[in-house]
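Colleague: Spelled out from the first residue to the last, the chains are:
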Amino acid sequence: MPLPPAPELCRRLAELMRPHMTPKTALVGIHTGGVWVAEWLHKELGIALPLGTMNVSFYRDDYSQRGLHGGRKPSSIPFDVADAHIVIVDDVLYTGRTIRAALNELFDYGRPAKVELAVLADRGGRELPVAATYCPHVLSLPAAQSLNLERAEDGSLAFTVVEK
Amino acid sequence: MTRNPQLNRNGELQHLLTIDGLPREIIAAILDTAEPFTEVAEREMKKVPLLRGKSVFNLFFENSTRTRTTFEIAAKRLSADVINLNINTSSTAKGETLLDTVDNLAAMQADMFVVRHASSGAPYLIAQHLAATDRDHIHVVNAGDGRHAHPTQGLLDMYTIRHFKKDFTNLTVAIVGDVLHSRVARSQIHALTTLGVPEVRVIAPKTLLPTGVERMGVRVFHDMREGLRGVDVVMMLRLQNERMNGALLPSPQEYFKYYGLTPDKLDLAKPDAIVMHPGPMNRGVEIDSAVADGRQAVILPQVTFGIAVRMAVMSMLGGM
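Sequence lines, in order, name chains A and B.
Heads up, the final residue of the first sequence is numbered 176 in my numbering, and it's a clean run with no missing numbers.
Heads up, the final residue of the second sequence is numbered 326 in my numbering, and it's a clean run with no missing numbers.
Worth flagging that the hints you see were computed from the coordinates, not collected in a lab.
Keep in mind that a hint or two might mislead.
[What the hints assert, rightly or not] Within a straight-line C-alpha distance of at most 27 Å, the following computed DSS-like cross-link-like pairs (lysine-lysine) qualify:
#	chain 1	residue 1	chain 2	residue 2
1	B	Lys-276	B	Lys-172
2	B	Lys-271	B	Lys-212
3	B	Lys-53	A	Lys-85
4	B	Lys-276	A	Lys-85
5	B	Lys-263	B	Lys-172
6	A	Lys-85	B	Lys-271
7	A	Lys-85	A	Lys-36
8	B	Lys-52	A	Lys-126
9	B	Lys-52	A	Lys-36
10	B	Lys-276	A	Lys-126
11	B	Lys-172	A	Lys-85
12	B	Lys-82	A	Lys-85
[What the hints assert, rightly or not] Residues from chain A that face chain B, not an exhaustive set, calculated with beta carbons under 8 Å:
#	residue
13	Phe-70
14	Arg-84
15	Lys-85
16	Tyr-121
17	Glu-139
18	Ala-143
19	Thr-145
20	Cys-147
21	His-149
Glycine is no exception: its CB is placed at the ideal position from the N, C-alpha and C atoms.
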């Protein structure tokens, strides 16, 4: 099953989101891939509120097994979460555990008016009742494979499928 | 070769007892893990759920309000339940042995012991006892034992140096003061050499240096002005007042004259040198107020980073 190129998915994701953006909309990217996508969307959609980023490692239910896989990058929510319309941005939606962790972390900052989820691709394999609000591509991958977003030195994004 | 008692079979951190013998990768992992925790402290909600439901016992057989408080804050910001025991005012005063105290607390389902003890090796003894009685799931953190080690202080010092200097491999670092009685100095020397600092100096009068200190890989100076020349980092040690009585030193005034860090002595270091101190400071004994409050001092950032480093250590242990 061929995968559409990541830049095309970014453009399609932006068109899905565009009609729903308001002056109170803020984007929050999840480290690391989600932040790359969120940076691009933030510019493309002309979002006024500054871009937020989250390292959800501290909130994951598998920290003990995986440690701080989000790396050293800290979370940064440079706007008032209370009453904001927040779109969480990630590269791939899989088990839903990352999104669960992100929602927990987000609510420690305040009570948003609405939270939505934007991803480039949904690869199936959900373990929690989580669904994306905006998603331009759905595919089904076996559990033995992982779908990774990578960023080249020139900033261009590309998906790769890796055997675990 | 016997296994490092601090590491489990997979080479992961099981206890934190000393920096001596800790692999460089583990030290780097602790410093890396601490970095995002500094941001947690700046949030309005200064708490993450990593140790939710875990019981951390602060076992302080020796008084230390500051260290105990920073461990307590770190554990609470990780959502652990913290129980503080000042043992010198409790059961051991009634004759209970160290290991009996530990057994009783283990029976209360402790998950982690943070231990401060006047005797070198007490945390190691506790870790060994837990292993011998199949209670490896309980972790031990050394919060300072005798003259031996104070690993979290050493680690927070490394974090502070990395924060301000970025790289260890081109630095000259001077440790100044009572090296003989200092567990902090030992931990600092081990950490600095493990992280690849090419030149570690110790500056102290002969009476305050342990014999054979050169074998730890340091250069020894008795003249502070000579030792400070061109250094990037000055790490001051606290002069414990009780040392004055032991005939090791003539008087605080004379000590200050030769080994107190004053602005004119600091001028011999590099212009961008940083000044560190583990606290509590004796102003006018080992450090001049003008330096302690000056632009090169990073003594308060050390305190802030100390909480993040202790959070990193506890989350790496407790998350296993």
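Colleague: Quick one, is the Tyr-121 of chain A hint okay against chain B at 8 Å, beta carbons?
Modeller: 7 Å, holds
Colleague: Please check whether Glu-139 of chain A passes as an interface residue: C-beta within 8 Å of a C-beta belonging to chain B.
Modeller: 19 Å, violated
Colleague: Tell me if the straight-line CA distance from Lys-271 of chain B to Lys-212 of chain B falls inside 27 Å.
Modeller: At roughly 20 Å apart (the allowed maximum being 27 Å), Lys-212 of chain B and Lys-271 of chain B satisfy the hint.
Colleague: For Lys-263 of chain B and Lys-172 of chain B, compute the direct alpha-carbon distance and say whether it is at most 27 Å.
Modeller: Given pair Lys-263 of chain B, Lys-172 of chain B is violated - Cα atoms ~33 Å apart, limit 27 Å.
Colleague: Please work out if Lys-276 of chain B and Lys-85 of chain A have their alpha carbons no farther apart than 27 Å.
Modeller: 31 Å, violated
Colleague: Just to be careful: measuring from the Cβ of Thr-145 of chain A to every Cβ in chain B, is the smallest value less than 8 Å?
Modeller: Constraint on Thr-145 of chain A not satisfied, violated at 25 Å.
Colleague: Min Cβ distance, Ala-143 of chain A to chain B: is it shorter than 8 Å?
Modeller: Since chain B brings no Cβ nearer than about 24 Å to Ala-143 of chain A, farther than 8 Å, the hint is violated.
Colleague: Quickly compare the C-alpha distance for Lys-276 of chain B and Lys-126 of chain A to 27 Å and report which way the hint goes.
Modeller: Roughly 53 Å between the alpha carbons, so the hint for Lys-276 of chain B and Lys-126 of chain A is violated.
Colleague: Taking 8 Å as the limit, does the beta-carbon of Lys-85 of chain A come near enough to a beta-carbon in chain B?
Modeller: 7 Å, holds
Colleague: Between Lys-85 of chain A and Lys-271 of chain B, does the CA-CA distance stay at or below 27 Å?
Modeller: With a Cα-Cα distance of about 38 Å, the restraint between Lys-85 of chain A and Lys-271 of chain B is violated, given a limit of 27 Å.
Colleague: Can you verify the interface hint for His-149 of chain A: is its Cβ closer than 8 Å to any Cβ in chain B?
Modeller: 31 Å, violated
Colleague: Would the hint on Phe-70 of chain A be counted as holding, given a Cβ-Cβ threshold of 8 Å to chain B?
Modeller: 4 Å, holds
Violated hints, in rising order: 4, 5, 6, 10, 17, 18, 19, 20, 21; the structure is consistent with all others.
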